[in-house]
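**Student:** Protein chains in written order, with our numbering: chain R, 1 to 359; chain H, 1 to 158.
These aren't lab readings, by the way, just hints derived from the structure by calculation.
It is possible that some hints are incorrect.
[Said to hold, decoys possible] According to the in silico footprint, chain H covers these stretches of chain R (three or more CB under 8 Å from chain H): (1) 92-102; (2) 319-331.
[What the hints assert, rightly or not] Below, in silico cross-link-like pairs of lysine-lysine (PhoX-like), each with a Cα-Cα straight-line distance of 25 Å or less: (3) K143/H - K102/H; (4) K90/R - K100/R; (5) K100/R - K86/R; (6) K336/R - K12/H; (7) K9/H - K336/R; (8) K30/H - K58/R; (9) K45/H - K143/H; (10) K160/R - K97/R; (11) K160/R - K100/R.
Idealized CB from N, CA, C, for every residue including glycine.
Below, each chain spelled out in residue letters.
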Amino acid sequence: MNFLQMNIPLNITKTISDWIFSIMPETAANYTIMVVIAVAYLALFAVAGLYLVLLERKVAAWFQLRIGPNRVGPWGLLQTMADALKLVSKELTSTIKIDKFLYNLAPYFVIVSALMAMAVFPFSKQFQAFDINIGLFFLIAISSIGVIGILLAGWSSNNKFALIGAMRSGLQTISYELSVGLSILTMVLLTGTLQLSEIIEVQRTGGWLILQGHVPSIIAFMIFMVAGTAETNRAPFDLVEAESELGAGFHTEYSGMKFAYFFLAEFINMFIIASIAVVLFFGGWLSPFGITENITWFPEVIWFIIKVLGLIFLMMWFRWTFPRLRVDQLLTLEWKYLLPLNLMNIMLMAIVIWLNWTI
Amino acid sequence: MSYFSDIYKGIKTLLTGMSVTGGYFIRARKGVITQQYPNNRETLKMFDRFRGEVVMPHDADNRHYCTGCQSCEIACPNGSIEIIWDRVVDPATGKKKKIIDKHIYHLSMCTMCGLCIEACPTDAIVWAQNFENSVYDRSALTKVLNQPGSSVLDGIED
Ligand code: SF4
Ligand code: SF4
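Construct all of the structure, not just a fragment, from the sequences and the given hints.
**Tutor:** Here you go:
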């Protein structure tokens with residue numbers, strides 16, 4: 001029971017946690033709060049994921065001069081809810097020759113790793129479930145676990161398309177993980193801490209990190225967005241589930257709720273990449289120019305959401321603009337361009353900090 | 001040095017692409033290019049070359065151009081057309097001639113390939129532009145193309 005002695009700052013709604021502590025012994029109260037927060041996050045991000053799907057469909061429609069879903073509910077707002085209900089009520093089918101255990105395990109790997117990463121984000125000053133001092137490191141580690149789920153799904157489906165998709169995902173994640181890690185490292189040089197809340201504190205006085213670090217920061221941001229898009233397996237890096245080549249890629253054999261897990265995880269991953277970028281480059285929940293800094297009742301989480309949505313829109317814009325890369329082009333982009341650029345960029349950042357050229 | 005100019009060119013072309021799609025995104029509010037189907041059911045008109053189903057046009061006197069030559073029946077790759085024909089004596093010439101009794105068309109089997117229409121020597125059958133072809137009973141998809149009591153237009157055989 002060592003981890004219960006760990007001082008986990010569960011900051012959300014102080015009053016509720018105080019109340020729970022007052023009516024229960026400490027151990028039970030700790031457990032209760034963990035469960036409450038876990039359930040709250042699950043519900044919140046399942047719904048948020050659904051609305052991201054809706055947003056994607058709307059944005060896609062506008063890029064293609066269409067209207068998009070507009071039948072279910074006002075402006076189609078309930079469309080993805082209806083889709084999710086449909087998927088939940090569907091029969092879970094599978095082929096005979098699957099590896100049952102791994103096949104059933106794979107979707108949970110993907111969705112759980114996606115939801116776990118949400119825990120460390122500081123959505124506002126109070127709204128952060130798990131503020132560890134190695135937050136960024138934790139994020140990078142967690143986000144690479146998802147690929148195991150994808151590999152398992154492809155392998156256990158016993159389907160050649162699924163396997164090809166999964167293998168592509170493996171090579172893609174291994175390659176682009178480097179760029180994500182190195183571009184984050186570039187920013188860590190500037191912040192000097194891995195704790196997400198501290199990173200935001202650094203920006204409160206010095207301005208957003210993308211301004212503090214100017215040139216190397218902007219290069220790091222561009223590399224991070226490219227590598228992050230690749231990490232989430234979205235177009236133009238969606239070789240993993242390239243519809244025109246592989247059916248649906250690694251989740252070809254999945255149906256019903258298990259398919260929905262993969263689908264939702266993709267969108268939550270997109271949210272995660274955008275959130276990391278917001279925390280690292282755009283000051284997290286800090287308001288631009290501190291305009292709402294002195295308004296105490298103002299929910300800072302709004303700034304966070306606005307910034308995240310902006311970056312998500314950018315990723316959607318990528319998706320509906322660029323054609324899919326070939327595997328060799330994918331690897332050329334990473335190993336020949338992004339990685340050397342990234343290493344140069346770290347040097348540049350180090351020099352900038354050494355000579356005190358930061359703004 | 002071409003390494004860096006490649007990067008520059010790459011970024012530039014990507015941004016060009018994004019500005020094009022971004023332009024469309026902004027203009028999307030001004031009007032969509034897709035048909036808002038059930039809403040504009042009254043006004044929606046299909047295009048000339050749209051293949052809805054095979055029909056046989058009749059003129060005001062209930063006459064069609066079909067001579068009963070069966071070219072369409074032979075041309076159809078999947079047997080969607082069946083022609084029930086008859087021999088009658090032509091009152092004008094006193095010779096026996098072939099006329100159609102029923103030109104039966106199975107819309108349920110038709111692949112809309114258009115071979116029958118190309119094969120027809122007298123252009124007796126054409127494409128219709130209707131698109132709401134769903135019915136509650138399969139038998140409704142078997143259609144007799146020539147209207148009851150219709151006859152072939154005189155002189156079309158020549
Ligand atoms: S369009 Fe093709 S399939 Fe249909 S009736 Fe004519 S020949 Fe047969
Ligand atoms: S529709 Fe045309 S091809 Fe078919 S039997 Fe009549 S005249 Fe001949």
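**Student:** When I compare C-beta atoms, does the segment 92-102 of chain R have three or more residues closer than 8 Å to chain H?
**Tutor:** violated (count 0)
**Student:** With a cut-off of 25 Å on the C-alpha distance, tell me whether K160/R and K97/R pass.
**Tutor:** OK: K160/R and K97/R at ~12 Å, within 25 Å.
**Student:** CA of K160/R to CA of K100/R, is that 25 Å or under?
**Tutor:** holds, 17 Å
**Student:** Measure nothing beyond the straight line between the CA atoms of K30/H and K58/R; if it is 25 Å or shorter, mark the hint as holding.
**Tutor:** holds, 15 Å
**Student:** Has the given pair, K45/H with K143/H, been kept, meaning a C-alpha gap of at most 25 Å?
**Tutor:** holds, 23 Å
**Student:** Given the hinted pair K100/R and K86/R, is their Cα-Cα distance within 25 Å?
**Tutor:** holds, 24 Å
**Student:** K336/R and K12/H: Cα distance at most 25 Å?
**Tutor:** holds, 18 Å
**Student:** So if I understand the rule, the pair passes when the alpha-carbon distance is 25 Å or less; does K143/H with K102/H pass?
**Tutor:** Within the cut-off at roughly 10 Å; holds.
**Student:** Does K90/R pair with K100/R here, judged by a C-alpha cut-off of 25 Å?
**Tutor:** holds, 19 Å
**Student:** Take a quick look at whether K9/H and K336/R sit within 25 Å of each other, Cα to Cα.
**Tutor:** holds, 15 Å
**Student:** Between the segment 319-331 of chain R and chain H, see if three or more residues pass the 8 Å beta-carbon test, and mark the coverage as holds or violated.
**Tutor:** holds (count 3)
Comparing the model with each earlier hint shows a violation of hint 1 alone; every other hint is respected.
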